[in-house]
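*Asks:* Listed here are the chains, written in short residue letters.
Number of protein chains: 2
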Amino acid sequence: VSRVLVTGAGGFIGRQALEPLARRGLEVHAVARREHRADLLAPSGCEDVVEAVRPSHLLHLAWYAEPGAYWHSPENLRWVDASLRLLHAFARAGGRRAVVAGSCAEYDWSNPPFAEGRTPLEPATLYGAAKHGLNVVARAYVAGADLELAWGRSFLTYGPGEDPRRLVASVARALVSGQPAPCTHGRQVRDFLYVKDLADAFAALTAGEVTGAVNVASGRPVAVRELVGLMGELAGRPELIEIGALPERPGDPAELTADVGRLREELGWRPARTLEQALGETLDWWRRRA
Amino acid sequence: VSRVLVTGAGGFIGRQALEPLARRGLEVHAVARREHRADLLAPSGCEDVVEAVRPSHLLHLAWYAEPGAYWHSPENLRWVDASLRLLHAFARAGGRRAVVAGSCAEYDWSNPPFAEGRTPLEPATLYGAAKHGLNVVARAYVAGADLELAWGRSFLTYGPGEDPRRLVASVARALVSGQPAPCTHGRQVRDFLYVKDLADAFAALTAGEVTGAVNVASGRPVAVRELVGLMGELAGRPELIEIGALPERPGDPAELTADVGRLREELGWRPARTLEQALGETLDWWRRRA
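Each protein sequence line maps, in turn, to chains A and B. Here the first sequence stands for residues 1 to 290, where the numbers follow this note's numbering. Here the second sequence stands for residues 1001 to 1290, where the numbers follow this note's numbering.
Wrong hints could be hidden among the right ones.
[Unchecked claim] Short, incomplete list of chain B residues facing chain A, as computed with Cβ under 10 Å:
(1) Pro-1043
(2) Asp-1081
(3) Pro-1123
(4) His-1132
(5) Leu-1134
[Claimed, not checked] Per the computed footprint, the stretches of chain B lying under chain A, defined by three or more beta-carbons under 8 Å from a beta-carbon of chain A, are:
(6) 1066-1077
(7) 1136-1142
FYI, nobody ran anything at the bench for these hints, they're computed from the structure. As the structure is a computational prediction, the values presented were derived from the model and not from experiment. Backbone N, C-alpha and C define an ideal beta-carbon position, used for all residues, glycine too.
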């Protein structure tokens, strides 16, 4: 039996990954700080949960993700360590295939769209450097440990359960409650992937055989002003979107977009929903919460 | 006062670095597993020693270095973690300048001589990947922590106190006791730097202002057969050197050589001894121990 241990299973992406993993025939064991009382940052947290589950597969999504703070927090250093301990415990316990969540923040942002194996890996943030540094060590580690490693580099995401301080969630909350939604100039171009689709892609990567880095993205870039404009239309309140009301954030890159060739051709994965469908689902979810 | 904390101070390189650091006017605090009872791998080992010393400078030489095993041992993962904790503790305690020992193993070995900023960083070993991964994270960390970081990439070294399982030490021991010294074909080209000179270069780097990666090497490549041949001549027993008596080691790269432009021009450092002088000193040291 294939038995997958999922870290960050209580998180924004992880909670959406459990069903797609089960659907692909894996026995799912979810680890989350609260639900299953495993703290991967504790001295033997990684070792204990791996010993208890003895998984054949690992989907490692857990990381420090406090909006704003995660880009430069020293918490990133602790997650490099926890992730290495987790991989090592997983290998020693007979694990076969690990999938780790990387990030578009690993790439040189001046050079979009980002392609695995071609775009230089020159992170602009501690978060990106921690993920990339972990990847450097993990790749070498698995080469000597008879372990498969796939490294899913996620881009931007949104959907049910998103932290309300983040872009799509904040705009959705404003729209469904009839409040103005102030935005920046909105010319930033981004690859947004609905969190249920993102989680499904990670599940496909876990159940599949592709190794190495794979961008996990929609492959359909959109300007932020178009995205929020579409949300305003879908909510029937386009006048609430206030483009240019917020100052540009310092260091905000002009474009974060993905080459999704590996994802489409090698993994054979595409998102199930259009941007419009996914934003509609997202607005519905926030409406039920309003 | 400038106060430097030296990790690995009981090790092969570290024990040679204390005097050159003091000579450059730094107040030296040495950390070693036995002498000063600090275990950097213990839960609060890094934090405790940094709190006790409150150094302005850090020279981090400590790492797992068991001959043969260190290339692929999972101990490398523990040292990534300990090094990150050490840097973070150092920054929080008001540290100003950190120097960390990197390695020629960080480079793509197919592409000598290796130059900082030009040769791709594609480690062939877990040791090299751990050092490089640490560098990726550490560079991003110090950028946000108001800390200077210099990264000294050492190449091959030898001299007093070398582990007798390593090349120069094993040949020296054989020569001074009149035993045959079996070698491989010896066509491997290497940059060897005498450990006292290597340690002096790290001391110069610590007391200096250069930041980023700096190769710490002699800049004078030599084929292993020439090196051991010279040792045979210096010992007056050239007939004991048995070139070709040992099989080539799998994965042994043809050439590990350094571009030392940064070391010479920016740091203004050169080795104090010729290869012949340094090998002579080394043979003398082993003779006194024979």
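*Asks:* Now tell me, hint by hint, if it's right for this structure.
*Replies:* Taking the hints in turn, this is what the structure says about them:
Here the hint on Pro-1043 of chain B is kept, as its CB sits about 7 Å from the closest CB of chain A, short of 10 Å. Taken as an interface hint, Asp-1081 of chain B checks out: its beta carbon lies about 4 Å from the nearest beta carbon of chain A, inside 10 Å. The restraint placing Pro-1123 of chain B at the interface with chain A holds, with a minimum CB-CB distance near 6 Å, inside the 10 Å limit. Interface restraint check for His-1132 of chain B: the shortest CB-CB distance to chain A comes to about 5 Å, inside 10 Å, so the restraint holds.
The interface hint given for Leu-1134 of chain B holds, since its Cβ lies 7 Å from the closest Cβ of chain A, which is under the 10 Å cut-off. Under the rule that three or more residues need a Cβ within less than 8 Å of chain A, the assignment of the segment 1066-1077 of chain B holds, with 4 such residues. Counting residues of the segment 1136-1142 of chain B whose CB lies closer than 8 Å to any CB of chain A gives 5, which reaches the minimum of 3, so the coverage claim holds.
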